[in-house]
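Enquirer: One line per chain: the protein sequences are R and L, in this order.
The first sequence: position 328 = 482 (the working numbering), numbered continuously.
The second sequence: position 192 = 835 (the working numbering), numbered continuously.
It is worth saying that the hints were derived from the structure and are not from the lab.
Heads up, the beta-carbon is just placed ideally off N, CA and C, and yes, glycines get one too.
Do not take every clue at face value.
Claimed, not checked - Covered stretches of chain R, as calculated for chain L (at least 3 residues, CB under 8 Å):
1. 238-244
2. 280-290
3. 470-476
Said to hold, decoys possible - Restraint ranges, calculated between C-beta atoms of paired labels, are given here:
4. L:803 to R:565: 47 to 57 Å
5. L:792 to R:178: 52 to 62 Å
6. R:418 to L:792: 50 to 60 Å
7. R:187 to L:792: 47 to 57 Å
8. L:750 to R:531: 30 to 40 Å
9. R:531 to L:789: 36 to 46 Å
10. L:803 to R:170: 41 to 51 Å
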Amino acid sequence: MTKLVPVLSAHWDEKDSFTIEAYTRHGGYKASQKALAMDPDAVIQLVKDSGLRGRGGAGFPTGMKWGFIPQGDNKEHYLVVNADESEPGTCKDTPLMMANPHVLIEGCIIAAHAIRAKHAFIYIRGEVTHVVRRVNQAIEDAYKAGHLGNGIEIVLHVGAGAYICGEETALLDSLEGFRGQPRLRPPFPAIAGLYAMPTVVNNVESIASVPAIILNGAEWYQSMGTEKSKGTTLYSLSGHVKNPGQFEAPLGITLRELLELAGGVREGHRLKFWTPGGSSTPIFTDAHLDIPLDYEGVAAAGSMLGTKALQIFDETTSIIRAVLRWTEFYKHESCGKCTPCREGTWWLVQILRDLDAGIGTEEDLNKLLDICDNIAGRSFCALADGAVAPIISSLKYFRQEYLDQLANKGPLFDPMDSTLFVSAKAGA
Amino acid sequence: MAYSSEDLATMDSIIKRYPRSRSAIMPLLHFVQSRIGFVNGEGIELIAQLLTLEAAEVSAVATFYTQYKRTPVGEYHVGVCTNTLCAVMGGDAIFAGLKEHLGVENDGVTADGKVSLEHIECNAACDYAPVVMANWEFYDNQTVESAKDLVDSMRSGNPKPPTRGPDTLVTWKEVSAVLAGINDGKANEGLQAGAPTLLGLKISKEGK
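Model the full structure from these sequences, guided by the hints.
Expert: Structure representation (structure tokens):
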């Protein structure tokens, strides 16, 4: 049994955990003090050695990303924190920033020093007001305490409701004051990012992981996790589990283990399907309970670790309704820049709405796959790839349910059966 | 002119946060909403003038993002998450219940101007599903009944406090100022974390 190891979450249960007093009480801002006394390249090397990989979904090695910033180029460098947490199912950065915003500020100071940036921006989605308050206050308090303002400035930037701005180049366009639409790469942000200057864009959890690595060393971090997926991370369990929540564990824990900690699937029900890392990662079923939840393990099984957003659905849930709703989301959030994504997601929704109502023929299932084939990989960014993931994977594992619904000429499931209100009644 | 000299000074300070002024468009649009309640033509013109842009350039940004409203919303803007997970757990039933209870459709505002309703996408609180947001504050673990009680409390002028948020629910305009980056002094109010956020930590301390 893999043991939980709270590092990021270690002090979240203290009522004042978000204050600078609480953070300092637990050794806060010692890591930045240590890092600022180090050569920037040595900081990059330490983070490389730790094996830390991006926690925003792609899993790119963080230290390597920092190392791509050209040095001695006489250009402004920028650090941008992606706090635009919007991937359906993903709910880790929001509670992290609410409970301990200072670890993010301290991580920014260290990362900015490493990449020789004087300015850092934290781009937070606009729909989480209290998180905005906490981070804003933390920045103010860090200035007052002298941690900021001595060569490193942090600016808080609040989004305004656009999933696509979680895509790093769309985020940069948004931060520059344009519509948030992705850019064609190359050039990558490390060469031409914010204001066309060398820029590192990192996820909140990645940056927040850095202070502990600086203090405890690369070997300590390396000692946790699996061969190529090091350290601890936040796994977020939601949906039809008895006790949903955040579980910080070494990479490589399995869903079977996590479910045991969460009290299992809700009483009297069984697992039907789940996402390993948000709605853009192909779904899994009860056949995948023992897959190690690290970057390689999940990829080898045909999906992606993504944001470790484990959304659990039991047998009362219609796979078609679930996939339709995700597809409606992607259609709504497609920024409209690339034709295959803009038009394709629209057509996918039309077909899935019919299928959800039990209208159509088996040929429509092939048409769905054909449209998916014409969308994935044919757009600037990965939104389109995410949009087709639930469709293709659901047809892989639940094609028969689609056919049964067509034969039934109507929905096979009563939506009320999957709600929490039903189980509350049953348990009363 | 709806903007005082103090407002203009605030807008100037927002612009000065950034190395390049155009980056201030988004917080300035939030600021306009904090004064007017939505983004109107006058606000667009003012931002264009402050940033030396064409009004069309500001308008292009304002219309891209769903949080910028082009018509007035309620004093309390209620969003029900109907993305897959919340929808399945009860969000669809909550949204249907509120539409009926308030007598409005999606994006509708009650006749008294108190409450507006919108179905929203995933709001990063899935372990608290089903989730309702009001003025972008968290109301966790909702039911059809609790959501109806919530909007009733708003209409009677005494809104229930958020589950994870400040001690009292502030108005749409006040929240818009926070989103423009203005500190309202409420960061220290409310919980540091709800029970699901702390579950793994609790279990770990129990030695598992």
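Enquirer: Would you mind marking each hint as holding or not holding in the structure?
Expert: For each hint, the structure was consulted:
1. Check result for the stretch 238-244 of chain R against chain L: holds, 6 residues qualifying (beta carbon to beta carbon below 8 Å, three or more required).
2. Evaluation of the coverage hint for the stretch 280-290 of chain R: fulfilled, as 9 residues show C-beta separations to chain L shorter than 8 Å, against a requirement of three.
3. Interface restraint, the stretch 470-476 of chain R with chain L: holds (3 residues with C-beta to C-beta distance below 8 Å; minimum three).
4. For the pair residue 803 (chain L) and residue 565 (chain R), the supplied restraint of 47 to 57 Å is violated, since their beta-carbon distance comes to about 35 Å.
5. Roughly 41 Å separates the CB atoms of residue 792 (chain L) and residue 178 (chain R), a value that falls outside the hinted 52 to 62 Å.
6. Checked against the given bound of 50 to 60 Å, the beta carbons of residue 418 (chain R) and residue 792 (chain L), roughly 31 Å apart, lie outside it.
7. At roughly 50 Å, the beta-carbon separation of residue 187 (chain R) and residue 792 (chain L) lies within the given 47 to 57 Å, and the hint holds.
8. Range check, residue 750 (chain L) to residue 531 (chain R): about 35 Å between beta-carbon atoms, so the 30 to 40 Å window is met.
9. Checked against the hint of 36 to 46 Å, the C-beta distance between residue 531 (chain R) and residue 789 (chain L) comes to roughly 44 Å, which is consistent with it.
10. Roughly 24 Å separates the CB atoms of residue 803 (chain L) and residue 170 (chain R), a value that falls outside the hinted 41 to 51 Å.
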